[in-house]
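Enquirer: The primary structure of each chain is shown beneath.
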Amino acid sequence: MFRDKLNQYQWDVVSASLASIQQADVERLLSLATQANKTDIDTFLAFISPAALPFLDTMATYSQRITQARFGKTMQLYIPLYLSNECQNICTYCGFSFTNKIPRKTLSDAEILQEIAVIKSYGFEHVLLVTGEHDQRVGVEYLANAVRLAKQHFAQVSIEVQPLEQHEYALLKNAGVYAVLVYQETYHQATYKEYHPKGKKSNFAYRLDTPDRLGKAGMYKIGLGALLGLEDWRVDSFFNALHLDYLQKTYWQTKYSVSFPRIRPHEGAFEPKSHLTEKELLQLICAYRICFPDVELSLSSRERPAFRDAVFPYGITSMSAGSRTEPGGYTDSHALKQFETNDDRSAQAVADMIRQKGYEVVWKDWDAVLWRVVSSE
Amino acid sequence: MQDVLQIGNQSFSSRIFLGTGKFGSPQTMHDAVIASGTELVTMALKRIDLKNQSDNILNFLKKTNVHLLPNTSGVRTAKEAVFAAQAAREALETNWLKLEIHPDPRYLLPDAIETLKAAEELVKLGFIVLPYIHADPVLCKRLEEVGTHAVMPLGSPIGSNKGLETKEFLRIIIEQSNVPVIVDAGIGAPSHAALAMELGADAVLVNTAIAVAQQPVDMATAFKLSVQAGRMAYHAKLGSTSDNAQASSPISALLDE
Chain A
1 MFRDKLNQYQ WDVVSASLAS IQQADVERLL SLATQANKTD IDTFLAFISP AALPFLDTMA
61 TYSQRITQAR FGKTMQLYIP LYLSNECQNI CTYCGFSFTN KIPRKTLSDA EILQEIAVIK
121 SYGFEHVLLV TGEHDQRVGV EYLANAVRLA KQHFAQVSIE VQPLEQHEYA LLKNAGVYAV
181 LVYQETYHQA TYKEYHPKGK KSNFAYRLDT PDRLGKAGMY KIGLGALLGL EDWRVDSFFN
241 ALHLDYLQKT YWQTKYSVSF PRIRPHEGAF EPKSHLTEKE LLQLICAYRI CFPDVELSLS
301 SRERPAFRDA VFPYGITSMS AGSRTEPGGY TDSHALKQFE TNDDRSAQAV ADMIRQKGYE
361 VVWKDWDAVL WRVVSSE
Chain B
1 MQDVLQIGNQ SFSSRIFLGT GKFGSPQTMH DAVIASGTEL VTMALKRIDL KNQSDNILNF
61 LKKTNVHLLP NTSGVRTAKE AVFAAQAARE ALETNWLKLE IHPDPRYLLP DAIETLKAAE
121 ELVKLGFIVL PYIHADPVLC KRLEEVGTHA VMPLGSPIGS NKGLETKEFL RIIIEQSNVP
181 VIVDAGIGAP SHAALAMELG ADAVLVNTAI AVAQQPVDMA TAFKLSVQAG RMAYHAKLGS
241 TSDNAQASSP ISALLDE
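These protein sequence lines map, in sequence, to chains A and B.
Under my numbering, the final residue of the first sequence carries the number 377; numbering is consecutive throughout.
Under my numbering, the final residue of the second sequence carries the number 257; numbering is consecutive throughout.
Heads up, some of the hints might be wrong.
If you want the footprint, here are the derived chain A segments under chain B, 3+ residues with CB under 8 Å [to be verified]:
hint	stretch
1	70 to 80
2	205 to 212
3	241 to 253
These aren't lab readings, by the way, just hints derived from the structure by calculation.
No residue lacks a Cβ here, since even glycine has one placed at the ideal position from N, Cα and C.
Please put together the full structure from these sequences, using the hints given.
Expert: Printed below as a string of structure tokens:
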């Protein structure tokens, strides 16, 4: 289990070694990476350190090259479909938090199908189903039903929902789930509890073990991420990379993706503890790409258009587009958004931008035929 | 003498096969296909929309006269591969199949055990099977025995552009094979393709090196020429290499016995 690995590290020690990294260290590791393809978790730490910032252009050039070699000049597009904003957790930074007095809504079958129809009309073949955490309203039965509905219309269905048990993941995989995204938010155990004072989510260990349960359930893809800004983004990103490294070695048949959620304004006016600049976000993307050449990296519409347009060729492999972050948002809704998107362009506008940059837009990279095997077992 | 490559019931005068992934646009892919002179292209089943006749990749390929070689990229087991193959046959009306089973998403290295199992079953189901495999001479013979119509050993990992890192094993495979040997994966430059052909490979499959070149169409032409050159050199019989100088006009030939 990853928790055993995490226990071998101390937050403050990682923090101190980040500060001690010199430009000469970065230079040496960068030439090892580019000349001999040699990287490890210490390389990652060096590449996200402040000492690596002067090398950003070199990192970005190399990162772009290996991204193209591995993924081609292509960009996958996906779109979130919020099924519910009901939630029993208190997360001090989240718009859906239990204590926020907002209209709550969970979509019915008919409403889900309406949303699907709109999303399909944009051209999407991949969809991400999203919920808050509410055992009665959005339990496994509800999710399995939603997945089965979506599966009839999409080539690939992924979910971003509350952590579940291994057998529940197996059940959802059989229903047609391709990937599960579950973000640790922060690897800082003490403050994790402060950010998540109430609800099932307040259990740090249960959330931390989730990717292990997913790996054991044989999920095709697992999405990881830290909520950048809760704690020192560098230390959290180091632990996220350590998590990724452990998972790749342990559940070697599973694919992995990493997302880069930065804290954004929402209901409740939460002030992030650490601020990640756009330049640093690019640095982080390049560090992941160089140290994990095969991992999928995702950039959401939380980021502003000019940033997404400029940065995606340097390591990103999938982007959301045309996103609404409230249940029923594609048809008509007065429910509250989970977070504000900064890129409000339509999916077609984003696709046009990608093509203008010489990249092919990939709407479909999976096929329903591959589910038949799973469900026949 | 016409130098024709025969695979199953099909003959090819071009010895370069192309992958269709990773191109910046379907138009570029189309133009590179034309420039390369290829007659066989592979495409991932998962990337194409089998239900939708207006699928972009397929439509562009239909404008050419190349044969389609659907591949099973994305499957992890023999069972999944057989399902995918049947779906491809039904939708694309071809019984040709590039069998790819790589359960390892990091280096996309092929699973020998699952590949052999799937190949055996697919041959029985009437497929023309071209399996993507490690440069493993024994596995190649085993696949030949179950009836695959070619073998496709790798030069180095997919997309790595590292060339023929498996050269010595490719040499053994070529020496022993009764079915065409197509060197697949890792060919990163025309010189790598030429080398494979000089070694006696029957064909090469190229994708990344062309698709992500700055000028994919020119690169496709360069590959076409290098494959022709390598094939010609193979027929012309290369001289042996030696550490010592060998006179090109030996003095002994000028003297009486």
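Enquirer: For every hint, state whether the structure bears it out.
Expert: Against the structure, the hints:
no., hint, in the structure
1, 70 to 80, "holds (count 5)"
2, 205 to 212, "violated (count 0)"
3, 241 to 253, "holds (count 3)"
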